[in-house]
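Those sequence lines, one after another, are chains X and U. When we follow my numbering, the leftmost residue of the first sequence carries the number 1, and every step to the right adds one. When we follow my numbering, the leftmost residue of the second sequence carries the number 1, and every step to the right adds one.
Just so you know, these hints were derived from the structure itself, not from any lab. These figures come from a predicted structure and were not determined experimentally. Beta carbons are placed, not taken as given, at the ideal position from N, Cα and C, and that holds for glycine. Take the hints with a grain of salt, since some may be wrong.
Said to hold, decoys possible - Derived pair list, reagent style EDC-like, types lysine to aspartate or glutamate, alpha-carbon separation capped at 20 Å:
#1 X:Lys366 - X:Glu337
#2 U:Lys302 - U:Glu357
#3 U:Lys372 - U:Glu275
#4 U:Lys162 - X:Glu502
#5 X:Lys366 - X:Glu423
#6 X:Lys430 - X:Glu505
#7 U:Lys372 - U:Glu442
#8 X:Lys430 - U:Glu447
#9 X:Lys430 - U:Asp105
As the list claims (entries may be wrong) - To spell it out: a stretch of chain U is covered by chain X in this simulated footprint if at least three of its residues, at any positions, have a beta carbon under 8 Å from a beta carbon of chain X; those stretches are:
#10 153-164
#11 251-261
#12 355-361
Claimed, not checked - A partial selection of chain U residues facing chain X, derived with a Cβ cut-off under 7 Å:
#13 Ala17
#14 Asp71
#15 Ile150
#16 Gln184
#17 Tyr473
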Amino acid sequence: MLAQTAGATPEIAWSSFAPELLVAGVALALLLFTVARDNRIPATVIVGLLGLALGAWLLSQELWIPGGTVVGLSALATSMTIGFEGRHDLSNVWIAGLAALGALLLTGWQWVEVLDPQLQAVSQGLSGGLATQLQGSVAHDGIAFFTRITVYVTVLLVLPVGYGYLRDREIYRPEVEPLVLLAATGMALLGAAGDLIVVFIAVEMLSFALYVLVGLARRDRRSQEAALKYFVTGAVASALLVYGMALLYAATGTVDIAAIGQALGLVTTPDRVAVLGVALVIVGFAFKVALVPFHLWTPDVYQGAPTSVTAFMSAATKAAGFAAVLRLFLLGFGRLEDVWVPALAVIAALTMMIGAIAAVVQRDVKRILAYSSLAHAGYAAIGVAAGSAAGLSATLWYLLTYAVTTVASFGAVVAIERRRRGEVSLVDLKGLGRTSPALAALFSLSLLSLAGIPPTAGFQGKLAVFTAGVESDLTWLVVIGVVSSVIAAFFYLRLMAMMFLEEAEEGAPEPVVSTGLSAGLAAASAAIVVLGVIPATFLTLAEQAAVLAR
Amino acid sequence: MGILTLVLVLPLVGAVAITLLDPQDTRSIRVGALVASLATFVASLVVLARFDTTVGGFQLQEQMAWIPTVDASYHVGVDGISLVLLLLTTFLTPIVLIGDWDRADRVKGYVTSFLVLEAAVIGVFLSMDLLLFYVWWEVMLVPMYLIIGIWGGDNRRYAAVKFFLYTLLGGLLMLVAVLYVFSQTGSFSYQAAVEHGFGVTEQLWLFGALLVAFAVKVPIFPVHTWLPDAHTEAPTGGSVILAGVLLKMGAFGFLRYSLPIMPDATQQYALGTGEGFFSVPWLLILAVVGILYGAVVALVQKDIKRLVAYSSVSHMGFVVLGVFALNVTATSAGVVQMINHGLSTGALFLLVGFIYERRHTRQIAAFGGLAKQTPIYAGLFLVVALSSLALPGLNGFTGEFPILLGTFQVARWAGVLGAFGAVLAALYLLWAYQRMFHGPLEGADNENTSDLRWREIGVMVPLVVAIVAIGIYPKPLYDIVEPAVQTVLEQVGVGQVEAADADGIRGTSPTTVTSQE
Numbered sequence: 001m002l003a004q005t006a007g008a009t010p011e012i013a014w015s016s017f018a019p020e021l022l023v024a025g026v027a028l029a030l031l032l033f034t035v036a037r038d039n040r041i042p043a044t045v046i047v048g049l050l051g052l053a054l055g056a057w058l059l060s061q062e063l064w065i066p067g068g069t070v071v072g073l074s075a076l077a078t079s080m081t082i083g084f085e086g087r088h089d090l091s092n093v094w095i096a097g098l099a100a101l102g103a104l105l106l107t108g109w110q111w112v113e114v115l116d117p118q119l120q121a122v123s124q125g126l127s128g129g130l131a132t133q134l135q136g137s138v139a140h141d142g143i144a145f146f147t148r149i150t151v152y153v154t155v156l157l158v159l160p161v162g163y164g165y166l167r168d169r170e171i172y173r174p175e176v177e178p179l180v181l182l183a184a185t186g187m188a189l190l191g192a193a194g195d196l197i198v199v200f201i202a203v204e205m206l207s208f209a210l211y212v213l214v215g216l217a218r219r220d221r222r223s224q225e226a227a228l229k230y231f232v233t234g235a236v237a238s239a240l241l242v243y244g245m246a247l248l249y250a251a252t253g254t255v256d257i258a259a260i261g262q263a264l265g266l267v268t269t270p271d272r273v274a275v276l277g278v279a280l281v282i283v284g285f286a287f288k289v290a291l292v293p294f295h296l297w298t299p300d301v302y303q304g305a306p307t308s309v310t311a312f313m314s315a316a317t318k319a320a321g322f323a324a325v326l327r328l329f330l331l332g333f334g335r336l337e338d339v340w341v342p343a344l345a346v347i348a349a350l351t352m353m354i355g356a357i358a359a360v361v362q363r364d365v366k367r368i369l370a371y372s373s374l375a376h377a378g379y380a381a382i383g384v385a386a387g388s389a390a391g392l393s394a395t396l397w398y399l400l401t402y403a404v405t406t407v408a409s410f411g412a413v414v415a416i417e418r419r420r421r422g423e424v425s426l427v428d429l430k431g432l433g434r435t436s437p438a439l440a441a442l443f444s445l446s447l448l449s450l451a452g453i454p455p456t457a458g459f460q461g462k463l464a465v466f467t468a469g470v471e472s473d474l475t476w477l478v479v480i481g482v483v484s485s486v487i488a489a490f491f492y493l494r495l496m497a498m499m500f501l502e503e504a505e506e507g508a509p510e511p512v513v514s515t516g517l518s519a520g521l522a523a524a525s526a527a528i529v530v531l532g533v534i535p536a537t538f539l540t541l542a543e544q545a546a547v548l549a550r
Numbered sequence: 001m002g003i004l005t006l007v008l009v010l011p012l013v014g015a016v017a018i019t020l021l022d023p024q025d026t027r028s029i030r031v032g033a034l035v036a037s038l039a040t041f042v043a044s045l046v047v048l049a050r051f052d053t054t055v056g057g058f059q060l061q062e063q064m065a066w067i068p069t070v071d072a073s074y075h076v077g078v079d080g081i082s083l084v085l086l087l088l089t090t091f092l093t094p095i096v097l098i099g100d101w102d103r104a105d106r107v108k109g110y111v112t113s114f115l116v117l118e119a120a121v122i123g124v125f126l127s128m129d130l131l132l133f134y135v136w137w138e139v140m141l142v143p144m145y146l147i148i149g150i151w152g153g154d155n156r157r158y159a160a161v162k163f164f165l166y167t168l169l170g171g172l173l174m175l176v177a178v179l180y181v182f183s184q185t186g187s188f189s190y191q192a193a194v195e196h197g198f199g200v201t202e203q204l205w206l207f208g209a210l211l212v213a214f215a216v217k218v219p220i221f222p223v224h225t226w227l228p229d230a231h232t233e234a235p236t237g238g239s240v241i242l243a244g245v246l247l248k249m250g251a252f253g254f255l256r257y258s259l260p261i262m263p264d265a266t267q268q269y270a271l272g273t274g275e276g277f278f279s280v281p282w283l284l285i286l287a288v289v290g291i292l293y294g295a296v297v298a299l300v301q302k303d304i305k306r307l308v309a310y311s312s313v314s315h316m317g318f319v320v321l322g323v324f325a326l327n328v329t330a331t332s333a334g335v336v337q338m339i340n341h342g343l344s345t346g347a348l349f350l351l352v353g354f355i356y357e358r359r360h361t362r363q364i365a366a367f368g369g370l371a372k373q374t375p376i377y378a379g380l381f382l383v384v385a386l387s388s389l390a391l392p393g394l395n396g397f398t399g400e401f402p403i404l405l406g407t408f409q410v411a412r413w414a415g416v417l418g419a420f421g422a423v424l425a426a427l428y429l430l431w432a433y434q435r436m437f438h439g440p441l442e443g444a445d446n447e448n449t450s451d452l453r454w455r456e457i458g459v460m461v462p463l464v465v466a467i468v469a470i471g472i473y474p475k476p477l478y479d480i481v482e483p484a485v486q487t488v489l490e491q492v493g494v495g496q497v498e499a500a501d502a503d504g505i506r507g508t509s510p511t512t513v514t515s516q517e
């Protein structure tokens with residue numbers, strides 16, 4: 001393969017990962033600004049001018065939307081740095097938010113310009129599948145685009161929620177926003193990864209950024225413990241993953257996921273090496289997205305990490321991890337369905353039950369939400385185990401609904417934690433319904449959505465995965481999901497009961513709600529309601545996403 | 001926007017409008033809620049006026065795409081059964097709001113919860129799409145949970161969580177059944193589900209899943225245990241709506257979904273026409289057990305509210321008996337009995353609430369000789385109690401008697417045993433009445449108990465008028481209900497059979513009838 005292409009200049013389809021280029025570029029620029037210290041403004045002006053030049057060049061190529069995005073972002077970033085002079089942290093968070101917004105814009109542009117014509121070609125039978133770029137390394141399909149949407153929407157919601165919180169705890173560092181953006185780049189890339197090498201690089205990229213973010217609170221032992229645990233288990237998971245990939249390469253002679261699928265399809269009896277490879281890949285990703293029995297790090301890490309980081313991890317990492325799982329399993333290991341579908345179904349069942357049951361006995365709100373996120377990983381896994389197109393789009397859709405919901409719930413925890421300056425236990429929620437009714441109402445909305453009560457986003461998500469499960473004859477798994485939902489509803493209700501049915505304790509500190517936090521929380525809550533009541537638009541997108549790139 | 005959507009949206013609009021009001025301005029909040037609920041009632045009267053009672057099937061339908069990817073739509077319509085239940089709901093809600101007029105604690109949340117609850121219940125009755133139905137079913141949970149949990153009695157937290165989890169478990173099993181129906185028909189449309197024609201084994205499983213959901217709600221023995229707790233702990237308004245309307249959702253679910261979609265399973269579960277396990281008429285047995293068990297337990301209650309709660313278990317047993325006797329007489333009467341139970345038990349809970357406000361106790365032993373001190377209260381209590389125990393001339397009789405009559409034709413033993421429930425009802429209600437109102441007026445508390453105020457009398461008047469009117473002339477009610485019941489029973493395949501012999505039922509294959517036209 002190398003010999004064929006060595007002579008010609010490789011045609012690099014920049015457009016296929018344009019949002020990641022933008023986000024990573026801004027992350028690097030922000031790091032540069034931080035390093036520049038007193039020369040921040042000249043540095044910004046130089047970078048801004050370079051950005052303007054790039055944008056102008058793009059516009060001259062008639063790439064209106066990317067060009068416009070780059071021009072707008074450069075201009076806004078420069079003027080913001082000058083405008084917020086002396087308040088670098090504020091300009092940092094704004095620039096990072098704008099970058100996420102720009103990335104969303106570019107994703108929309110990709111969808112319309114690249115995906116839609118291809119989908120039409122597929123549906124008219126003109127083309128067998130969607131294109132990949134860079135010789136199969138980067139897929140150009142719905143999984144990639146939908147994951148991008150989920151990841152960047154999460155970034156957009158998490159940044160304002162975390163802004164005041166990290167400063168209150170005095171653990172803010174200028175590297176926070178660049179690290180979030182770099183992690184997001186890795187996540188989006190993972191969703192688009194078309195071969196094992198890119199999968200691995202993306203996994204490592206997002207993991208490294210998250211290791212640092214988890215340990216952000218340097219003087220907080222729990223944060224340090226969480227970071228170390230996350231790092232060690234993450235490293236083990238990566239090792240297993242890469243070993244599994246090596247075995248798959250040994251069995252098939254290729255790292256391209258679609259080609260692996262074809263190679264495995266040729267043999268009648270699956271190769272033992274390949275099966276072992278698949279098993280190791282399952283284990284590796286089960287660590288990353290926290291499926292039982294590879295979940296033990298989750299509660300500690302989610303509890304110890306700064307809350308806004310926890311929100312980001314639980315929402316976006318899951319989305320990215322599951323995107324890769326979907327592509328690997330449906331496209332790469334489709335032939336070995338008999339091996340991994342039962343395994344994954346059992347893992348999903350265990351995850352749902354253990355997540356729900358373990359959460360019942362927790363007292364710490366972040367730990368409760370951590371275990372609940374376990375259960376939710378199990379629900380998402382139903383969609384994967386369904387192994388169908390419906391299951392695929394259901395999983396993607398589920399992860400979007402879960403992302404907005406979980407950001408809203410952790411956002412509410414942030415508001416309570418900010419004044420308490422410590423852990424938030426069940427008792428701290430007492431009487432919140434009276435002292436700050438709006439916050440309690442929004443928190444309850446997100447809890448109802450986690451419990452899957454209509455008309456919230458969480459209900460629509462559960463509906464989709466359960467439907468896919470029933471259609472694929474996994475009714476038993478769906479019934480376990482139902483039982484787990486009832487158990488889970490018990491502790492969501494207990495949180496609500498604390499807020500509304502108990503009286504506030506004397507001298508209980510009032511939660512702090514800042515502008516950024518209320519904006520993020522309100523936006524997430526609005527998303528919960530909108531996705532819950534009129535889901536049609538995004539469901540259609542998720543359905544389109546089910547056509548895979550080969 | 002059609003009239004049905006208007007009925008559905010009005011309470012929600014009211015709820016949203018009230019959230020914008022100042023929490024301290026309780027008067028505006030109360031008036032606003034009352035106006036919204038009265039407007040809803042008027043709108044439902046318009047539905048009644050436009051409803052054509054000469055034909056069965058669904059009328060005034062409205063349909064709009066909702067989630068096109070799974071063919072779920074916003075589809076509403078009424079038949080005779082849902083119409084009378086709709087009227088009951090919109091009739092009781094303003095009464096509850098006036099009945100709790102003096103409540104001072106967190107009024108805004110209280111009335112908002114009731115308006116949302118009303119909308120959800122109306123949504124359940126009007127939906128013609130399985131998913132839409134499920135959505136409203138679950139939405140109902142949240143306001144009711146809050147009503148019990150925030151404004152309830154001392155043990156409210158336990159009762160609220162129990163209520164929520166029981167219903168949620170049933171609801172989620174229903175979701176699995178709904179998803180299975182969807183996977184077979186490719187649509188959430190009610191019509192498609194009815195016309196699909198499921199195999200007998202499929203039907204038995206689906207019926208079982210829905211049975212859990214609906215039986216919890218009715219409640220059918222032995223999954224009734226949440227009800228006494230919820231009733232005892234709920235505030236008066238909550239109890240009235242719970243008994244008056246929410247319990248009806250279960251029986252309604254049977255009639256709307258279980259019977260038409262799973263006709264074979266219905267006959268096997270209800271009449272025992274199947275093999276082995278299904279050769280026993282389980283639902284008739286459970287209904288009779290519920291009737292007798294509820295009555296006996298009511299007999300020994302010391303708390304008057306718990307007594308009324310257990311009487312609900314008994315009375316709803318009659319409804320279940322009527323529905324699953326599967327002949328026009330009994331099933332129509334079952335629907336009518338739902339209305340009767342809503343009116344008389346609702347009225348009883350209001351009356352219990354009135355005395356509780358005065359005395360802060362519900363122990364029957366604490367009362368005595370009140371007939372002399374509070375004659376108006378005693379008189380109203382007597383009328384309502386008599387209606388509840390099915391005295392001829394009052395509404396209870398017009399429901400329970402035809403139920404027993406119809407059941408007797410199908411299963412003689414069930415009719416005979418059920419009749420004992422009516423006897424026991426007379427016993428526990430009149431005995432309680434005797435202990436509370438007759439005898440000497442002793443103790444300072446009893447001597448200082450004040451009689452009903454004008455507002456409280458005003459609340460009771462419409463209920464008593466309805467109780468007497470239905471008792472004397474139930475025909476208009478039956479005229480609305482019967483064509484719809486006829487249609488449902490035709491779908492089960494027993495419509496034309498005067499279900500005297502079980503062989504006749506066993507032989508008929510389900511004939512699916514389109515009720516759209």
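Here is what the structure says about each hint:
1. Between Lys366 (chain X) and Glu337 (chain X) the CA atoms are separated by roughly 36 Å; this puts the pair beyond 20 Å, and the hint is violated.
2. Our distance criterion of 20 Å between C-alpha atoms is met by Lys302 (chain U) and Glu357 (chain U), whose separation comes to about 18 Å.
3. At roughly 60 Å between alpha-carbon atoms, Lys372 (chain U) and Glu275 (chain U) are farther apart than 20 Å, so this suggested pair is violated.
4. As the CA atoms of Lys162 (chain U) and Glu502 (chain X) are separated by approximately 17 Å, the hinted pair is consistent with the 20 Å bound.
5. A distance of roughly 8 Å separates the Cα atoms of Lys366 (chain X) and Glu423 (chain X); the hinted pair therefore holds under the 20 Å criterion.
6. A threshold of 20 Å between alpha carbons decides the hint, and for Lys430 (chain X) with Glu505 (chain X) the separation of about 7 Å falls inside it, so the pair holds.
7. Taking the CA atoms of Lys372 (chain U) and Glu442 (chain U), the gap is near 11 Å; set against the 20 Å cutoff, the hint holds.
8. Restraint check for Lys430 (chain X) and Glu447 (chain U): the C-alpha separation of about 42 Å exceeds 20 Å, so the hint is violated.
9. Our distance criterion of 20 Å between C-alpha atoms is met by Lys430 (chain X) and Asp105 (chain U), whose separation comes to about 18 Å.
10. Under the rule that three or more residues need a Cβ within less than 8 Å of chain X, the assignment of the stretch 153-164 of chain U holds, with 5 such residues.
11. For the stretch 251-261 of chain U, the proposed coverage by chain X is not satisfied: 0 residues have a C-beta within less than 8 Å of a C-beta in that chain, short of the threshold of three.
12. Here's how the stretch 355-361 of chain U fares: 0 of its residues keep a CB closer than 8 Å to some CB of chain X, so the rule of at least three is not met and the hint is violated.
13. The closest approach between the C-beta of Ala17 (chain U) and any C-beta of chain X is roughly 17 Å, which is over the 7 Å cut-off, so the hint fails.
14. With its C-beta approaching chain X no nearer than about 11 Å, Asp71 (chain U) sits outside the 7 Å limit, and its interface hint is violated.
15. Checking Ile150 (chain U) against chain X by beta carbon gives a least distance of about 6 Å; that is within 7 Å, so the hint holds.
16. The interface hint given for Gln184 (chain U) is broken, as the beta carbon of that residue sits about 9 Å from the closest beta carbon of chain X, more than 7 Å.
17. Taken as an interface hint, Tyr473 (chain U) does not check out: its beta carbon lies about 41 Å from the nearest beta carbon of chain X, beyond 7 Å.
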